[in-house]
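Undergrad: As a plain string of letters, each chain reads:
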Amino acid sequence: MELLSGGEMIARALEDEGVEFIFGYPGGAVLHIYDALFKSCKVPHILVRHEQAATHAADGYARATGKPGVVLVTSGPGATNAITGIATAYMDSIPMVVLSGQVMSHLIGEDAFQETDMLGISRPIVKHSFQVTKTEEIPEMIKKAFYIASSGRPGPVVVDLPKDLTNPHDKYEYNYPKKVKLRSYTPASRGHSGQIKKAASLLLAAKRPVIYAGGGVVQGNASPQLRELAQELNFPVTNTLMGLGAYPGSDRQFLGMLGMHGFYEANNAMHHSDVILAVGARFDDRVTNTTSKFCPGAKIIHIDIDPAAISKTVNADVPIVGPVDSVLTELIALVRELRAEEPTLPDQDALGHWWKQIDEWRDHHGLWTAPRYDTTTPYIKPQQVIETLCKVTGGKAFVTSDVGQHQMFAAQYYKFDEPRRWINSGGLGTMGFGLPAAMGVKLAFPDADVACVTGEGSIQMNIQELSTCAQYKIPVKILNLYNGYLGMVKQWQDMQYDGRYSESVYEDSLPDFIKLAEAYQHSGVKVTQLSDLEEAMKEVFARKNELVFMDIHVDPHEHVYPMHVAPNGSMRDMWLNKTERT
Amino acid sequence: MRRIISVLMENEPGALSRVVGLFSQRGYNIETLNVAPTEDPTMSRLTLTTIGDDHKIEQITKHLNRLVDVVKLVDLSEGAHIERELMLVKVRATGAQRAEIKRCTDIFRGQIVDVGPSVYTIQVTGAADKLDSFLEAVGEAAIMEVVRSGVSGIARGEKVLSL
Ligand SMILES: Cc1ncc(C[n+]2csc(CCOP(=O)(O)OP(=O)(O)O)c2C)c(N)n1
Ligand SMILES: [Mg+2]
Chain F
1 MELLSGGEMI
11 ARALEDEGVE
21 FIFGYPGGAV
31 LHIYDALFKS
41 CKVPHILVRH
51 EQAATHAADG
61 YARATGKPGV
71 VLVTSGPGAT
81 NAITGIATAY
91 MDSIPMVVLS
101 GQVMSHLIGE
111 DAFQETDMLG
121 ISRPIVKHSF
131 QVTKTEEIPE
141 MIKKAFYIAS
151 SGRPGPVVVD
161 LPKDLTNPHD
171 KYEYNYPKKV
181 KLRSYTPASR
191 GHSGQIKKAA
201 SLLLAAKRPV
211 IYAGGGVVQG
221 NASPQLRELA
231 QELNFPVTNT
241 LMGLGAYPGS
251 DRQFLGMLGM
261 HGFYEANNAM
271 HHSDVILAVG
281 ARFDDRVTNT
291 TSKFCPGAKI
301 IHIDIDPAAI
311 SKTVNADVPI
321 VGPVDSVLTE
331 LIALVRELRA
341 EEPTLPDQDA
351 LGHWWKQIDE
361 WRDHHGLWTA
371 PRYDTTTPYI
381 KPQQVIETLC
391 KVTGGKAFVT
401 SDVGQHQMFA
411 AQYYKFDEPR
421 RWINSGGLGT
431 MGFGLPAAMG
441 VKLAFPDADV
451 ACVTGEGSIQ
461 MNIQELSTCA
471 QYKIPVKILN
481 LYNGYLGMVK
491 QWQDMQYDGR
501 YSESVYEDSL
511 PDFIKLAEAY
521 QHSGVKVTQL
531 SDLEEAMKEV
541 FARKNELVFM
551 DIHVDPHEHV
561 YPMHVAPNGS
571 MRDMWLNKTE
581 RT
Chain R
1 MRRIISVLME
11 NEPGALSRVV
21 GLFSQRGYNI
31 ETLNVAPTED
41 PTMSRLTLTT
51 IGDDHKIEQI
61 TKHLNRLVDV
71 VKLVDLSEGA
81 HIERELMLVK
91 VRATGAQRAE
101 IKRCTDIFRG
111 QIVDVGPSVY
121 TIQVTGAADK
131 LDSFLEAVGE
141 AAIMEVVRSG
151 VSGIARGEKV
161 LSL
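Those sequence lines, one after another, are chains F and R. All residue numbers in the first sequence are consecutive under the numbering used here, ending with 582. All residue numbers in the second sequence are consecutive under the numbering used here, ending with 163.
Keep in mind the hints are simulated off the structure, nothing from the lab. Watch out, some of these pointers could steer you wrong.
Stated by the list, open to error - Listed next, the stretches of chain F that the computed footprint assigns to chain R, with coverage defined by at least 3 CB atoms under 8 Å from CB atoms of chain R:
{"no.": "1", "segment": "120-129"}
{"no.": "2", "segment": "177-189"}
{"no.": "3", "segment": "301-308"}
Said to hold, decoys possible - Simulated crosslink set (DSS-like; lysine-lysine; CA at most 30 Å straight-line):
{"no.": "4", "chain 1": "F", "residue 1": "Lys-179", "chain 2": "R", "residue 2": "Lys-130"}
{"no.": "5", "chain 1": "F", "residue 1": "Lys-39", "chain 2": "F", "residue 2": "Lys-143"}
{"no.": "6", "chain 1": "F", "residue 1": "Lys-299", "chain 2": "R", "residue 2": "Lys-62"}
{"no.": "7", "chain 1": "R", "residue 1": "Lys-56", "chain 2": "F", "residue 2": "Lys-299"}
{"no.": "8", "chain 1": "F", "residue 1": "Lys-181", "chain 2": "F", "residue 2": "Lys-67"}
{"no.": "9", "chain 1": "F", "residue 1": "Lys-293", "chain 2": "F", "residue 2": "Lys-356"}
{"no.": "10", "chain 1": "F", "residue 1": "Lys-312", "chain 2": "F", "residue 2": "Lys-356"}
{"no.": "11", "chain 1": "R", "residue 1": "Lys-159", "chain 2": "F", "residue 2": "Lys-181"}
{"no.": "12", "chain 1": "F", "residue 1": "Lys-312", "chain 2": "R", "residue 2": "Lys-72"}
{"no.": "13", "chain 1": "R", "residue 1": "Lys-62", "chain 2": "F", "residue 2": "Lys-197"}
{"no.": "14", "chain 1": "R", "residue 1": "Lys-72", "chain 2": "F", "residue 2": "Lys-181"}
{"no.": "15", "chain 1": "R", "residue 1": "Lys-130", "chain 2": "F", "residue 2": "Lys-312"}
{"no.": "16", "chain 1": "F", "residue 1": "Lys-293", "chain 2": "R", "residue 2": "Lys-62"}
{"no.": "17", "chain 1": "R", "residue 1": "Lys-56", "chain 2": "R", "residue 2": "Lys-72"}
{"no.": "18", "chain 1": "F", "residue 1": "Lys-42", "chain 2": "F", "residue 2": "Lys-171"}
{"no.": "19", "chain 1": "R", "residue 1": "Lys-72", "chain 2": "F", "residue 2": "Lys-134"}
{"no.": "20", "chain 1": "F", "residue 1": "Lys-312", "chain 2": "F", "residue 2": "Lys-299"}
{"no.": "21", "chain 1": "R", "residue 1": "Lys-130", "chain 2": "R", "residue 2": "Lys-90"}
{"no.": "22", "chain 1": "F", "residue 1": "Lys-134", "chain 2": "F", "residue 2": "Lys-178"}
{"no.": "23", "chain 1": "R", "residue 1": "Lys-56", "chain 2": "F", "residue 2": "Lys-312"}
{"no.": "24", "chain 1": "F", "residue 1": "Lys-538", "chain 2": "F", "residue 2": "Lys-381"}
{"no.": "25", "chain 1": "R", "residue 1": "Lys-72", "chain 2": "F", "residue 2": "Lys-198"}
{"no.": "26", "chain 1": "F", "residue 1": "Lys-178", "chain 2": "F", "residue 2": "Lys-396"}
{"no.": "27", "chain 1": "F", "residue 1": "Lys-473", "chain 2": "F", "residue 2": "Lys-42"}
What the hints assert, rightly or not - Here are some chain R residues the structure puts well away from chain F; computed CB gaps all over 12 Å:
{"no.": "28", "residue": "Glu-83"}
{"no.": "29", "residue": "Ile-143"}
{"no.": "30", "residue": "Ala-155"}
Everything numeric in this text was worked out from a predicted model, so none of it was measured. Just so you know, even glycine gets a beta-carbon here, dropped at the ideal spot from N, CA and C.
Generate the whole structure from the sequences, applying the supplied hints.
TA: This is the structure in structure tokens:
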């Protein structure tokens, strides 16, 4: 039997857990652990330049692979710097294990150097947290952390590690449990059959159905089942911002994203539907607009692993708690059984009518049926940048994004055919997410194209990671949609504050991004003419082993449309451009 | 509506702060709260009373259940149950008032648990509204200090909240 110190236990447990990367940053409280990693740990460690980036990189890795991301930070400022990234992962239900150093046990509570109550600070933004109180319990706690983070509705778990418990001199028996059981934690393993039956009958009785699929389908690996069900029934599908890729973007039945910046046809299909099948989606306020006016004629079936997500903001008529993949599988079987008995269901005439209506909406206002943006300005349009990106990468890239207009354009104009390709901070809306997330993705998939779509505001929130990319040779491609403003803020100021640009303008203070990329040992390409865009982008993506910073100057005054009319608007109330609304 | 929610949870450091934190984080209110270990020292029983409509109570119980430390919970107000709270009241008791307060205590089946030349300390147990009535009967003027334990409760009959 083997005796290990606390630090060694951590190094070994991460190996035993099959962890591929540790994203971290050292400091006093975790030096024993770092020494153990140095002496023997097969798991590579990526030294970021700011702990926030460690959490986003682990998060990007987790979103792309489905496996929990791992973060190691020191106590105090290391831990607090990680907070934004933990909150980001929490809001989007991303599996993550954060190991945070803590001052020595006997100093806890004495305001010791670099002491912070990490469990207290992180409490509202974690799925669970552990404070280690004895070295012997480290293996089991780490196992529990991984289990909790990645099962049920996933989320971040913090393990707080007082320094003395990782001391190299105190060694204990090491046994990594294969499995753990928690009597107080048992995520639903399947849906209620009676409820699934009700759902099947309701779907088959529908005349104007729509499937509304969210990030839960991506996280729950249920895309194949979603596709199968939608195609079995010939029902239209819309994805949330978090669900993009859950249903293939280039399929005829896909209506585009829904919500605040959702497609006209998607928002209208929702509003006029008689049955909504919500799968792994949470009726977020950025989707529903005013809840009291939400889809007045619709009966709602809601499938989710988390009972607390059901009937939270919008009441579900048929709630089903369970893993989305197994519930959908059962639902498909039932639908087929019922259709074998009554092949005329669902009403094909009604469905035909419904599709005709949807196609009309699509032809008149859909973002993919004709350019809905003004092409007469001298500028490159941000939408054109994303269309070009989609074309150049064959729709197969991993696209991470920051937060702002560029994010919404990426969501609207890149056609994601696969889940886990669209990596963005939907729930928290964290500027600074894009670049570190792209690092995590690229490390997991070194041969894939990984593009970070960003803006000059967002990229500067974690620009220091260009240095990490240089150290570990992480050749992501950065597309900076340079509009010279905090564009999304400016858009709201244009629309709601008579164009008073309070602090959304940088004046002449922006850096030369090309030189900045060069300073970090990378190269950059500046594009200002539409005629150069596609060629330049092709060249950039052909440089497989280089990080290239594309600084693309776009129309500074473009707005994202459609945009929900607020306050008091319904799903179908939208601005279609600067002058027209529904 | 007022509800009594009884929670069986791991007796772990941090568990209580997660429950209390949930209430402030999501804007739910706690009227009363008490917590102590059960016959199994690895578990605690927490009882809280809160006020809310059905939708809010459903959210509260779902979010409580989502906490990893929570083993099980029950909304006692959904069925027949026994509710008890313990109260200690220190009252000014001089002259004729002494007999009057003693009589009042007897009516409420309370006990005088400490006596001084000019004070009584009285213990009363019962449902929360009974304790309220007692305080009213004694009258604000006489009351020097009130300590209430918060409500605890248990279901009637065979029903139990246990592992
Ligand atoms: C950390 C953080 N701070 C502030 C915001 C609010 N915010 C949302 S979008 C935005 C502007 C982003 O500007 P930029 O990155 O240039 O993108 P653009 O909208 O111009 O495409 C701001 C400030 C945020 N989402 N995140
Ligand atoms: Mg900008």
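Undergrad: Hint by hint, note whether the structure agrees.
TA: Against the structure, the hints:
| no. | hint | in the structure |
| --- | --- | --- |
| 1 | 120-129 | holds (count 6) |
| 2 | 177-189 | holds (count 4) |
| 3 | 301-308 | holds (count 3) |
| 4 | F:Lys-179 <-> R:Lys-130 | 51 Å, violated |
| 5 | F:Lys-39 <-> F:Lys-143 | 22 Å, holds |
| 6 | F:Lys-299 <-> R:Lys-62 | 23 Å, holds |
| 7 | R:Lys-56 <-> F:Lys-299 | 22 Å, holds |
| 8 | F:Lys-181 <-> F:Lys-67 | 20 Å, holds |
| 9 | F:Lys-293 <-> F:Lys-356 | 25 Å, holds |
| 10 | F:Lys-312 <-> F:Lys-356 | 33 Å, violated |
| 11 | R:Lys-159 <-> F:Lys-181 | 26 Å, holds |
| 12 | F:Lys-312 <-> R:Lys-72 | 21 Å, holds |
| 13 | R:Lys-62 <-> F:Lys-197 | 24 Å, holds |
| 14 | R:Lys-72 <-> F:Lys-181 | 16 Å, holds |
| 15 | R:Lys-130 <-> F:Lys-312 | 36 Å, violated |
| 16 | F:Lys-293 <-> R:Lys-62 | 25 Å, holds |
| 17 | R:Lys-56 <-> R:Lys-72 | 19 Å, holds |
| 18 | F:Lys-42 <-> F:Lys-171 | 20 Å, holds |
| 19 | R:Lys-72 <-> F:Lys-134 | 27 Å, holds |
| 20 | F:Lys-312 <-> F:Lys-299 | 16 Å, holds |
| 21 | R:Lys-130 <-> R:Lys-90 | 17 Å, holds |
| 22 | F:Lys-134 <-> F:Lys-178 | 20 Å, holds |
| 23 | R:Lys-56 <-> F:Lys-312 | 9 Å, holds |
| 24 | F:Lys-538 <-> F:Lys-381 | 18 Å, holds |
| 25 | R:Lys-72 <-> F:Lys-198 | 28 Å, holds |
| 26 | F:Lys-178 <-> F:Lys-396 | 36 Å, violated |
| 27 | F:Lys-473 <-> F:Lys-42 | 19 Å, holds |
| 28 | Glu-83 | 25 Å, holds |
| 29 | Ile-143 | 36 Å, holds |
| 30 | Ala-155 | 20 Å, holds |
In this structure, the hints that do not hold are numbers 4, 10, 15, 26, in rising order.
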